[in-house]
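Q: Okay, here's what each chain looks like letter by letter:
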Amino acid sequence: MEEKISKLESPLKINRRHFFSQLSTGIGSLALGSLLIPDLLSGGAPKAMPNQPLGIPHFAPKAKRIIYLFQAGAPSHIETFDPKPTLIKRMGEDLPDSVRNGQRLTGMSSEQAKFPLMPSAVKYKQYGKSGAWVSDYFPHIGKVADEICFVKSMHTDAINHDPAITFFQTGTQQSGRPSMGSWMSYGLGNENKNLPNFVVLTSKGKGISQGLYSKLWSSGFLDSKHQGVLMRSSKDAVLYLNDPDGLSRSDKRHLLDHVSSLNKIHHVETGDNEIESRIAQYEMAYRMQMSVPDVMDIKKEPQHIIDLYGEDSQVPGTFAANALQARRLAEQGVRFIQLYHQGWDQHANLPNDMAGQAKDVDQASAALIMDLKQRGMLEDTLVVWGGEFGRTNYVQGESFDPKNFGRDHHPRAFSIWMAGGGIKPGISYGQTDEFGYNVVKDPVHVHDFHATIMHAMGLNHEQLTFKDQGRRFRLTDVAGNVINDILT
Amino acid sequence: MEQLYKKRWIGYLVFGLSVFLLFCLCFESYIKPPVLVSWLGRWHPLILHFPIVLLVVAVFTSFTQKKVAALLLITATLTALITAISGFLLGLDESQKGDLLFWHQWLGAGVALFAALWYWLETLNYGQHIGTKTLQIILIFLVAITGHYGGSITHGENFLDMPKDKSYAKIPDNPLIYEHIVDRILEQNCVSCHNPNKQKGELVVTSLKDLIKGGENGSSIHAGNPDKSVLLNRLYLPKEDKEHMPPEGKKQLSTTEIEIIKEWISLGASDTLRLNDLKTNQPLAKLVTKMMSPNQLEKWSVLPIVQDSTIQRLESDYVTIRRVFGNTNALSINMYTPPTYNPDLILRLNAIRNNIIELDLSGLPIEAKEIEFVASCTNLESLEIDKTAITDHEIEALNTLTKLKSLKVSETEIGDKSTAVLSNFKNLKNLFIYETNISQNGIDQLQGNNPELRIISGISEELRAAFIQTDSIKKEQ
Chain V
1 MEEKISKLES PLKINRRHFF SQLSTGIGSL ALGSLLIPDL LSGGAPKAMP NQPLGIPHFA
61 PKAKRIIYLF QAGAPSHIET FDPKPTLIKR MGEDLPDSVR NGQRLTGMSS EQAKFPLMPS
121 AVKYKQYGKS GAWVSDYFPH IGKVADEICF VKSMHTDAIN HDPAITFFQT GTQQSGRPSM
181 GSWMSYGLGN ENKNLPNFVV LTSKGKGISQ GLYSKLWSSG FLDSKHQGVL MRSSKDAVLY
241 LNDPDGLSRS DKRHLLDHVS SLNKIHHVET GDNEIESRIA QYEMAYRMQM SVPDVMDIKK
301 EPQHIIDLYG EDSQVPGTFA ANALQARRLA EQGVRFIQLY HQGWDQHANL PNDMAGQAKD
361 VDQASAALIM DLKQRGMLED TLVVWGGEFG RTNYVQGESF DPKNFGRDHH PRAFSIWMAG
421 GGIKPGISYG QTDEFGYNVV KDPVHVHDFH ATIMHAMGLN HEQLTFKDQG RRFRLTDVAG
481 NVINDILT
Chain H
1 MEQLYKKRWI GYLVFGLSVF LLFCLCFESY IKPPVLVSWL GRWHPLILHF PIVLLVVAVF
61 TSFTQKKVAA LLLITATLTA LITAISGFLL GLDESQKGDL LFWHQWLGAG VALFAALWYW
121 LETLNYGQHI GTKTLQIILI FLVAITGHYG GSITHGENFL DMPKDKSYAK IPDNPLIYEH
181 IVDRILEQNC VSCHNPNKQK GELVVTSLKD LIKGGENGSS IHAGNPDKSV LLNRLYLPKE
241 DKEHMPPEGK KQLSTTEIEI IKEWISLGAS DTLRLNDLKT NQPLAKLVTK MMSPNQLEKW
301 SVLPIVQDST IQRLESDYVT IRRVFGNTNA LSINMYTPPT YNPDLILRLN AIRNNIIELD
361 LSGLPIEAKE IEFVASCTNL ESLEIDKTAI TDHEIEALNT LTKLKSLKVS ETEIGDKSTA
421 VLSNFKNLKN LFIYETNISQ NGIDQLQGNN PELRIISGIS EELRAAFIQT DSIKKEQ
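Each protein sequence line maps, in turn, to chains V and H.
Note that this note's numbering has the first sequence beginning at 1, numbered continuously upward.
Note that this note's numbering has the second sequence beginning at 1, numbered continuously upward.
No lab work stands behind these hints: they were computed from the structure.
Where hints are given, some of them may not hold.
[Said to hold, decoys possible] Below 27 Å or equal to it, Euclidean Cα-Cα: the simulated DSSO-like pairs (lysine-lysine) are:
1. H/K262 <-> V/K129
2. H/K286 <-> V/K62
3. V/K403 <-> V/K206
4. H/K426 <-> V/K62
[Stated by the list, open to error] According to the in silico footprint, chain H covers these stretches of chain V (three or more CB under 8 Å from chain H):
5. 56-64
6. 180-191
7. 374-385
In this text, all values refer to a predicted model and were calculated from it rather than measured experimentally.
Ideal Cβ placement from N, Cα and C applies to all residues, glycine included.
All chains, please: the whole structure from these sequences, using the hints.
A: Take a look at the structure:
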């Protein structure tokens, strides 16, 4: 299933290969045809190939939208959802080489002489009927543990932030491919035509932050209408969306109609698809002028909802406010709502920084689940929470102080969680070894994660393709297995 | 050409092979060929194609040209003999021969020996004799029947049946767990290789007796003990494992199907157990009920056809209509509040009302007219009319929606009066009544009438209070 370009519309849409393949079959069949049917050359245009429908799920979807609470910087799995008592027993001992097993190190700890094991900076408790272990940094998430599926066996290929987050968002470590949200938009189409399909909200904690670039929500080679729209927390949620003073809405309508007719002329001349996209985007922006201020106005929320998300939810630009915003966007049918919370890069000062980061997100993340549930939206909204990789079970640097230490990047094992639309609630999937270093049971690669999420959305990750530069691309590239065990 | 018939060694070869074949057939039970020889039997499926074609061509030329080329007849005869012998060797692998294999073997031997006889008659110049001609015609029939039996062994006996609907007879209301459920699962997934005629691994799964008897690796099912049941072990093995069943490339069993077999075995693998003998909350009862409920695709296949152009015509900026998936005629409709609301937006959907499976009218200022339209969409399975001005009166109007599985009426003014109507939705699985006037009493009543119904009425006060009070670890300022 991909957009087949009708070669009849415009010369721009024909590439060299089309040209030659058409030329040879064309001349051959023309010769044959004219022998058999003498009046063949007198007219009749060939028909376009019937397309597989695009913008419709391949099978009945369990989830209709996704809220992805991305914890940028990579929270330590050892201090979140994967307790390791062995680390307490063997605290300070060197990580055995047999466990590290040749794992490459980052430039930050490659010079390190020893790798002393450090247990979790925080205690764990078991929660709910499922008995899920959650660290004391996240008491609220613990309270909704029975709605959650913890995946403790994630692993990735990348060891540094930018490639790792790019990998999570686009399925490849190099920049330039479409983001997950763009693929969903391409594959599933709009639910609400007055809002973008793919919205991005960012917030920042006090911890060490790494950059977030708009390439993470870019549509790559897909049509630019699938690109993520960053909504800001300040007065203008979307930049340049508001009309200048003195321009009435009907004037604006006239303006757009004229611009559109000019653009259409240009489109007929050149056949450039991006012109169509641009027309559509002007129209979308026009409708967004009405819809965005309404959906972004979290002041309308009643007090009991504000209490649920915590007082931060009234402070624009916080994670809590974004989480509440995410629910409002989900209600309005936005397909993919991507939140980023920065500041999880605890190379040092982990106990203190992580407590702060956790406080930023704990209550609001859990509140989002409860809020979606009470509104009956958790059935078809998939919530994902996690970072781009895990952190080492040993301390980074030469000093060893349980009160103030840091952990380096660790790609071989980490934890994320998912809840809602099509995901089994109240389970833990996968297992790491007693050191929390390697996955020992049911590994889930980033490609598998993508394949599984697409499956929940009713898409077959092997069928949703787009042809660019001579080859067909997928979000999962040439890999990925659906993890059926976590799907309902 | 004809001097080929004079070559003595060819005659000896044909004679020798024929005698060898007869010897094999007579002393089958005493023969234990060395590994290499029995491996030669594996070439049977390749070689067999030669005698079929060559014999048919030979008979054809003998009738059309009065004479058959010696080389053709010799090759046909020799390959027929080699095929029969290799087939015999292959057959030795099977410890128990079903009827099909039995007949295939003897008919195949018949083909080879008849061909040898024909060759002999031809060398004696009886080629045009009426007896030889009769023999040729019999030979053609033998080739056809042998080939058919052989094909049935490899591809299954019903391979040549007219392609038919794979839908099996409807499962009765109170099915026998073995006969109507387990046996059907086995029939759909296992029988093609484990039937009396093709007993792979010496296992036959067509009767409970055979299942208990098992195959090479012992009893397939161990009543009351799923862990010891080889059948389940094979199903549970990872797909990459060579021992996993069904083998790679074949359709795999669904989790539900495997669970059903497991639960049935742990309950004693009885063939008299019926669904009604089980308590409704027993896992097996739930699984079987799940399997028996008609699948959505089937249900939706009877919906009227709706064209893409119709969808496009009815869509607007505030009305999104899409197929639930692929090319199905089941439609999902989402509406959003336009700047100026007009009931026609909804009412014009009348043309496709029978196709609407999901309808989301959340937050729209709908009134009696729209509710009347909704009530006419009798195929609706999911309806969202939360945040609207509906009351108990409107809910009552919706009692035509018997297929409803999910109903969202949160944040409306409906009250306990609606519980009676809501209880009447027999298929309802999810009911969302967050922030309505339905009292706890009403909820209890609903739950009492339909224990399976999931009612979401908001967060419990306890959890809410605990949730809001809990503080994450203090942030250091």
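Q: May I ask which of the numbered hints given earlier this structure violates, with the numbers listed in increasing order?
A: Violated hints: none at all, because every hint is consistent with the structure.
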